[in-house]
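Position chain B against the provided structure of chain A, taking the given hints into account.
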Amino acid sequence: MNDIFSLIMVSKQKNELENILEINQYTCNFGLSLNEQEVMRLLRHRVSCLKEQKRVEFEGGILELLIKEFCNSAYIYQDNYVQTLEALQEIFYICKNESLDELSDDAILQFMRKRFEGKCQGDLDYLEQICLEDLCRPVRFAESELLGGVEDEE
Amino acid sequence: MKSDYNVEEIIDLLAERTRKFTSNESTSITYEKANQLLGSIMYCLNITNNEAVYHETVEHNCLERLFIKGGSMLNENQEIREWFEEGTNMEDENLRDLLEKMAESNDIEYKIALLKHHVNSLDDFGILMEACFIEDEYEAVYKSLSKMELEILLKSIHLKKEDDEILHSWEQYLLSACK
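One line per chain: the protein sequences are A and B, in this order. Residues in the first sequence are numbered consecutively from 803, following my numbering. Residues in the second sequence are numbered consecutively from 83, following my numbering.
Keep in mind that the hints are not guaranteed to be accurate.
[As the list claims (entries may be wrong)] Calculated lysine-lysine pairs in the DSBU-like style (CA-CA distance at most 35 Å, straight line):
1) B:183 with B:242
2) A:870 with B:102
3) A:853 with B:261
4) A:870 with B:198
5) B:198 with A:853
6) B:102 with A:856
7) A:916 with B:183
8) A:870 with B:115
9) A:856 with B:115
10) B:229 with B:261
11) B:237 with A:921
12) A:853 with A:916
13) A:916 with B:102
14) B:102 with A:853
15) A:916 with B:115
16) A:856 with B:183
17) B:229 with A:870
Don't read these hints as lab results, they were simulated from the structure.
Excised from the complex, chain A in its bound form:
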């Protein structure tokens, strides 16, 4: 059954390809653009991230939102654009799962953007660590408290 969800993702890629190429008109203001091959690479990467995190996505997908949120970052330039977007997608879906789906897409995106520009200064490994520690951990902690669980003090 779960393979069906991966197929759904693949079947929606054609529409998304066109939508994301259109965003180039906006991102070129910041010296960033994606060609068809790069978009396909990002979409394939997204499918594998979703599969890895056991998630299914509809309606546009997070890639467009990530591009719009991060395209004016001081730490993203044409040479690292695709790799950064791949890593950001990965971090985003990890956060969705680790926050037990309690946080909206916007809340996670805004947090990621703020930390990426601030504390992390463009360091993606550090961003993942911070997201898990500062964003997801409190959510999980609150959830375990609600369920009457005891948090390990160590």
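Frame of chain A, contents of chain B only:
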């Protein structure tokens, strides 16, 4: 007998259910949740899986109509405890946000639009009617509902009445309006 549904239409139904379930705040859900939503869709569709109902319902050969009919039949069978099933109630946080938005507004059209856009269960509908609408607004809300939605609502109110449960003013209003 209809058994081979159009996969595209089922995916569209699933996307629509997902959108409502997350109140449009998340583009993705877990496999576990998707399986639950898909299960409820297939259950509703399979209920209508007989020749007579199929021809009666699907004049326009639209799977969504079949799904809605299935939901309606399911409710009839299960004495309509919830709109479709417990799993389609909104998340608590989303419901709180919606309550705040609606309580702050005096625009009846905006409130009805929010209600129709986000609400997917009788439970949530009841909570919002009780908290966010005054008696003068009930008529507009009921006029915005479809015939099927009104039937489901009425049936649930009748069941509550039979169980001697206390009816809210919005429920009493609908009962007296339909007399």
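Quick rundown of the hints versus the structure:
{"no.": "1", "hint": "B:183 with B:242", "verdict": "holds (29 Å)"}
{"no.": "2", "hint": "A:870 with B:102", "verdict": "holds (24 Å)"}
{"no.": "3", "hint": "A:853 with B:261", "verdict": "violated (54 Å)"}
{"no.": "4", "hint": "A:870 with B:198", "verdict": "holds (30 Å)"}
{"no.": "5", "hint": "B:198 with A:853", "verdict": "holds (33 Å)"}
{"no.": "6", "hint": "B:102 with A:856", "verdict": "holds (20 Å)"}
{"no.": "7", "hint": "A:916 with B:183", "verdict": "holds (26 Å)"}
{"no.": "8", "hint": "A:870 with B:115", "verdict": "holds (28 Å)"}
{"no.": "9", "hint": "A:856 with B:115", "verdict": "holds (10 Å)"}
{"no.": "10", "hint": "B:229 with B:261", "verdict": "holds (16 Å)"}
{"no.": "11", "hint": "B:237 with A:921", "verdict": "violated (57 Å)"}
{"no.": "12", "hint": "A:853 with A:916", "verdict": "holds (27 Å)"}
{"no.": "13", "hint": "A:916 with B:102", "verdict": "holds (29 Å)"}
{"no.": "14", "hint": "B:102 with A:853", "verdict": "holds (23 Å)"}
{"no.": "15", "hint": "A:916 with B:115", "verdict": "holds (30 Å)"}
{"no.": "16", "hint": "A:856 with B:183", "verdict": "holds (33 Å)"}
{"no.": "17", "hint": "B:229 with A:870", "verdict": "violated (42 Å)"}
Against the hints set out earlier in the document, violations occur for numbers 3, 11 and 17.
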